[in-house]
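Trainee: Assemble the complex: chain X is given as a structure, and chain S must be docked to it using the hints.
Protein chains in written order, with numbering that gives the first Met the number 0: chain X, 0 to 108; chain S, 0 to 341.
What the hints contain is simulated information worked out from the structure, not anything from laboratory work.
Treat each hint with caution, since some may be false.
To spell it out: a stretch of chain S is covered by chain X in this simulated footprint if at least three of its residues, at any positions, have a beta carbon under 8 angstroms from a beta carbon of chain X; those stretches are [unchecked claim]: (1) 238 to 252; (2) 261 to 272; (3) 287 to 297; (4) 315 to 329.
For each residue, glycine too, the CB sits at the ideal point set by N, CA and C.
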Amino acid sequence: MCALCGILGGSGEWSDSASAPAVFASRAEKQTRLRERQERTRLLNAVLKYYGVSVKDWAGNTYLLTGRTGRTAMVNAVGEIWSAVDRIGGRRCDPLDKDYLGALRGRSG
Amino acid sequence: MADYSELNPINIVTGFLGSGKTTLLRQLLSSPKLADVAVLVNEFGEIGLDHHLLRGVTESVLLLENGCVCCAVRGDLQQALRELLSQRTRGAIPHFRRVVIETSGLADPAPIAYTLLSDAVLRHHFRLSGIVTTIAANNGAGQLATFAEAVKQVSMADRVVVTKGDLCDAPTLAALMSGVRRLNLAAQIVESADISDDFHGLLTDDIYDGEGKQREARRWMIEPHTTQDAHAHTTHVESFAVVCDRPLDWTSFGVWASMLLHRHGSDILRLKGLLNVAGMPTPVLVNGVQHLMHPPSHLPEWPDADHRSRLIFIVRGLQRARIERSLAIFNEIVNAPAASMA
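Just chain X, with the same shape it has in the complex:
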């Protein structure tokens, strides 16, 4: 728990490998919760740039999203991010959208 804000740690969401140590016990390189969040935040920024949304990790258990117009949203879990992106990005995010995938491909390649 953060002593300043009193927020409990641990999202308990399915994609959080730190919440399932038994499942990921045989991983060669051990992952800490903080490191996983940092990596996830980096990925989120990469995949949401197309929608004009940036992401910051706040207090280790909240994601702060900011759109091009300055609109912001705070969410607690990855699963809650997409509705917020739809709202502040002004369009529905879709990982199967052809133009979106083209833009991502250009960036990764």
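Mentor: Frame of chain X, contents of chain S only:
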């Protein structure tokens, strides 16, 4: 939160009207290995169930604000399961380890899964083990051709039990089995007449069960690029396997799957995966129902020498090629230089 595998498993037994749900359930409950089961039934039918922990519920679905049918809460089950927990804690009823929910013939299994994962109390005590769907051999094909509910019940199943095989000829039975397979690549399909003494596995095998997870994972070892197109049915449902040669980055997969299910969960009836996760020598298992993903599980070893990731999709109107491409691109991004991602 307790280890997911230690939660009380819940099985859904569903199937269209008159497909033999209660008969199957009565047979299952006769197994000594299923003695510690509590049963919730929606309707007391003509066939009586003589069971010491039997409760009736009246299906009531509470639609949420977003109006998504699969993300609806079954208020009746919330109440019944909480009551079972309370009574067990007080010692008012015999101890039970597993709960079986027999649905009505027209029920949608998805809200049951949503209820278990979204309820603040139930999610700490119960997990969805599997969906068993019955379908009658003599009229199942007609129901699949006519009723979207029947298609969904079969598409979402982990096991499909074909009943009443003695009421039709061999070609009709074979055609139905083939039709069921087209709808659902990964389900175990059995004829009720062939159910043997070890039938308890129909309920107990799942990816969180120490003994059953290896058997369940083998059912997911679908040949690459196998596609079953069931467009002849009222609802266009397609079942296919996506196979990835390169190991998947777990964080990237989590972001991708979460985004995919947010946008397309209504059309992804099931998602099952046996994943080669980068940095791990053994496979990770994932399991989703529409908008929901259950916590991952793992196997102590690969089922065979093929260590490629396999994802099985049962979808309505989504293109396999687009899904493959999207997953591959997300998996590449993780290896992209930081400067190009900023």
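Trainee: Each hint: holds or not?
Mentor: Hints, one by one, checked against the model:
no.: 1; hint: 238 to 252; in the structure: holds (count 4)
no.: 2; hint: 261 to 272; in the structure: holds (count 3)
no.: 3; hint: 287 to 297; in the structure: holds (count 6)
no.: 4; hint: 315 to 329; in the structure: holds (count 8)
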